[in-house]
Amino acid sequence: MAQVVLKDLNKMYDDVHAVKDVNLNILDKEFVVLVGPSGCGKSTTLRMIAGLEEITSGEIQIGNRVVNDLPPKDRDIAMVFQNYALYPHMTVYDNMAFGLKMRKFPKAEIQKRVQDAAEILGIQELLKRKPRQLSGGQRQRVAVGRAIVRHPQVFLFDEPLSNLDAKLRVQMRVELKRLHNRLETTAIYVTHDQVEAMTLGDRVVVMKDGWIQQVGEPLEVYGRPRNRFVAGFIGSPAMNFIETTVADGAGALWVECAGLRLRVPAERSARLAGKRRQAVVLGIRPEDLHPATGADPVDLTCEAVVDVVEPLGSDILLDVKVGNCVIVVRVDPSVRLRQHDKIRLAFTPERIHFFDAKTEESLQ
Amino acid sequence: MAKHPRSLVPTVGAAPPIEVALPRPRPAAPWRLTRFLESERLLAALLLAPAVVLLALFIAYPFVMGVWLALSDASVGSPGTFVGLRNFVKEWNDSIFQTAFQNTFFYTFWATIFKLTLGMWLALLLNRQFRGMRLVRASMLLPFIVPTVLSTFAWRWMVDPTFSVVNWLLYSIGLITNKLPFLSDGRWAMWCAIVVNTWRGMPFFAITLLAGLQTISPDLHEAASLDGANSWQRFWKVTWPLLKPVTIVVVVFSVIQTFADFQLIYVLTGGGPANSTHLLATYAYQIGVATGLLGEGAAISLFMFPVLFVVVWFQLRYLRRLEGA
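Here the protein sequences come in this chain order: S and X. Residue numbering for the first sequence follows the numbering used here, beginning at 124 and increasing consecutively. Residue numbering for the second sequence follows the numbering used here, beginning at -3 and increasing consecutively.
Don't read these hints as lab results, they were simulated from the structure. Cβ atoms here follow ideal geometry from the backbone N, Cα and C, with glycine treated the same way. Hints are not guaranteed to be accurate.
[What the hints assert, rightly or not] Here are the computed distance ranges between Cβ atoms for each label pair:
#1 X:A134 x S:S161: 26 to 34 Å
#2 X:L318 x S:K130: 47 to 55 Å
#3 S:V449 x X:L39: 53 to 61 Å
Please work from the sequences and hints to get the whole structure.
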């Protein structure tokens, strides 16, 4: 168990700057998830921590020890790969025992550790099988087992669930979380799936184009995204964005576009005061919109026409047209609406986000 | 397009009749060839026929003919009569045959060992990423592409007893004072043949093993290095076991070719000096064609058959066991 510190970490591949000035302090026993779209540098960062990629500049510390020049085997880490990377010619037992054998552990100790790990993961009956005789979920467990037998200081996970089907992925996600609670080992997990990031991480690190966009607890990143990218990437369905202009009127600030005119909530006025007659992007999550009732202030509502109805069971997603834009609204399954129905939508005022149209930074 | 036949279905009362489309009847006699080709058995026989004819003509007939000749006292100009195993017994007791027999094993064993070791080493080097990688990989095949006769001639000049450039080079830099007897001493000549065979065959090993190496996921090596394996352990515990099936196929192939090698020895030493570098193939040629004793020549060449059969059988069995494991 150890903390991991990344200082000004950079990675260049010829002309491509894959990881840019990454600074991150991962606490002991913490579960940190690096999340972002393909090519954002999350896997490269993880591989640099593992020692599988050379660092162009910067420093990596694992447990107060600078590991920049240490080979992977001396970093006291274990990694679970996306395609499991199980040795196909070895049995499950040998796969799990391999790292211990290489480190010359006594046979009895190896046996005990493999048995313990197999018990934790429920794979005792698979120990004599070869990887190709296992299902995807079982292989995943073996890959995790191979990592945990070593009792490393840090676990690294490189998109370990992406090869599983949707149902198994949810199940394994829960198991990984349970395992982390039990083992209490520092874990760094890479995924492009924001749901995995939100559900697993103590903290989430959102990356894009090699830069860290935001670091925070899942609900903090979800509720207070630092910029438009984070706001759009975290959350499913994604946040709605509407290009608007800030205007004055009736002693208040308003944002408006074709088919929409909303009064800016008082607590946001200060940040938007300097943006009069300028473009800002309004962001609102689908669940922060609802069919208006008498209790909703009229100046926080707008007219909309239903375009597509997507019943999900637990709720219904409506694609609605507001002026020239199409936005998504999540409503209660009891709401009965059909295509072309007109509705009035109300915005939850404290959940409205504004982003600078040029810099895309949050105007929170 | 033909119209579908329609019929009037009787209806109840005064309601108008309804038109219903009926299926179009199949043509009474479909085209004969179509019917013939639709039969899987006949089609399979048809597709296999060219291969069977070629095999029968160029493999089965010469083989059966060879067996017949080996059991006869045929010679050039004489069809010969059946003599049983006399040719085999005679050759077995012939000292030159015994030398050729041993040479064939010696030559095959060492050439295969060298080709495998150096081919593996080269494949591992070429499996790394470097500038000009494709060019180097392609040019590596050159010794394999050049006709054996041509390249062996070049080698013969290089190790010629009188004009050897190698001797000249070693002499010039002061490593030797007397010429080395590359082709004038039996043992030296055999090792020269092994070197040339290795030079020629190694690229095939390397390129095939390289293809095998590229099917091994780099993740496995990364996992092994995280597991604490050093580069030798990664090779021995991960790469080698995964490369075994490809290796066995290449080795079987090479053993067959090396055991039955003819051109290289024929051009480099001609079996000499004093018959000391004959292999079964060159000796069979010498007796069967040069001397004209077709029966004895065929018997010598047939000595290769059981040996190769056993080698191939064992190796294929091992391969099947690996695949099943």
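So, going through the hints one by one against the coordinates:
1. X:A134 x S:S161: 26 to 34 Å: Distance hint for X:A134, S:S161 holds at roughly 33 Å.
2. X:L318 x S:K130: 47 to 55 Å: holds, 48 Å
3. S:V449 x X:L39: 53 to 61 Å: Holds - the Cβ-Cβ distance for S:V449 and X:L39, about 57 Å, lies within 53 to 61 Å.
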